[in-house]
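S.K.: Under this note's numbering, the final residue of the sequence shown carries the number 1037; numbering is consecutive throughout.
Honestly, I wouldn't trust all of these hints.
Restraint-style ranges between C-beta atoms, simulated for each label pair [claimed, not checked]:
#	residue 1	residue 2	range
1	LYS667	THR825	40 to 46 Å
2	MET909	ILE1036	42 to 48 Å
3	MET657	GLY957	25 to 31 Å
4	PRO824	GLY881	47 to 53 Å
5	LYS667	GLN766	23 to 29 Å
These aren't lab readings, by the way, just hints derived from the structure by calculation.
Backbone N, C-alpha and C define an ideal beta-carbon position, used for all residues, glycine too.
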Amino acid sequence: MIYFDNSATTKIFPEASEAMVQTMTQYFANPSSLHRLGNQAHDLLSAARQQVATILGCQLDEVFFTSGGSESNNWAIKGTALEKESRGKHLIASSVEHPSVKNTLEHLKQHGFEVTYLPVDETGRVNPEDVKAAIRPDTILVSVMAVNNEIGTIQPIQAIARVLDDYPTIHFHVDGVQSVGKLPVALIDERVDLMSFSAHKFNGPRGVGILYKKQNRRIQPLIDGGGQEMGQRSTTENLAGIVATAKALRLTMDHKDTEMATHRIIQAKVRDFLANYPETVRIFSPAEISSPHVLCFAVKGVRGEVMVHALEEEEIYVSTTSACSSRQTDVESSTLSAMNIDGRWAQNAVRLSFGYQNTEKEADQFLTVLKQLMDKFSKIQ
């Protein structure tokens, strides 16, 4: 089996899985309980939070645990809107954001907020000057993802941050779900006020996310209750998942240089192969400004879902574009649409995304199968 769908979800590290089971069986008490077992659970929660803070390069009280990247994105955006609506109701985002950002913004539009969606160029990248041009006196939030989940484009977060240096009252949110272990540092820039992460994208468990929130930035809670997470997100903490997340984050950052070097080799092999078919293949992931763990391309005349299932028959697993909407066959890729890719090509897009377990040998095996399939499809078109 070859698994090239790591942007959809990753296989949990064995060490993280072991930590999760150990926590569930040995530290089962509620961290809010005052007895000895509760104190032990609370201490473990604090240790996990400290480990995450150290890796992210932030303060302990800037790390909040959530149920995943979607909740973190929702909280960052809605929490900002609720906190700052008396100062303004204008929000800015790129036109290639994940549905958990875009649909959140669309929800806020129903409640009187205005949203400006920034265009992208042919590589799927935002122009920082467009960010500056879109800012109004009532702008309260700018949200731009770090690494695109569909084609891997790395957005110019630091350049956007320099624009926002002149607007200190605007919250800057970054969806960093696809960036962990893929960029040199996790938080990218000190001007970032809010950043979202998801454990299952870096070989941690599903159902756990992280929201980094800078100390001096205020957002409203979305969940009221017992006052967990420093009074910002009420609900009994998923301690086992949080411990496993901290473990997975550490392992990811420890091995990121070796892993990314392998990804570059794998991607280069695939790109070199696809270059032999200039008339029948289009590559959507830009060569110079995309993460090496994602490669999106299309074969002329072969719909994405057809290619996905053909590869699956050979025990090779890939996605169309975003796994979040791949079962909705009538939904076009938001990224490719924003890049003005012809729909006849966009509907054929498939996404390869590599993880820590992938090897050069797997890439060679994949290319052997892909060549056979392309030869087969060319005969029946």
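S.K.: Can the suggested window of 42 to 48 Å be confirmed for the beta-carbon pair MET909 and ILE1036?
M.R.: 47 Å, holds
S.K.: So does PRO824 sit 47 to 53 Å from GLY881, Cβ to Cβ?
M.R.: 32 Å, violated
S.K.: Has the hinted range 25 to 31 Å been met by the Cβ atoms of MET657 and GLY957?
M.R.: Given range 25 to 31 Å: holds, Cβ gap about 28 Å.
S.K.: For the range 40 to 46 Å, tell me whether the beta carbons of LYS667 and THR825 fit it or not.
M.R.: 42 Å, holds
S.K.: Note whether the CB distance of LYS667 and GLN766 lies within 23 to 29 Å or breaks it.
M.R.: 38 Å, violated
Of the numbered hints given earlier, the model fails hints 4 and 5; all others are met.
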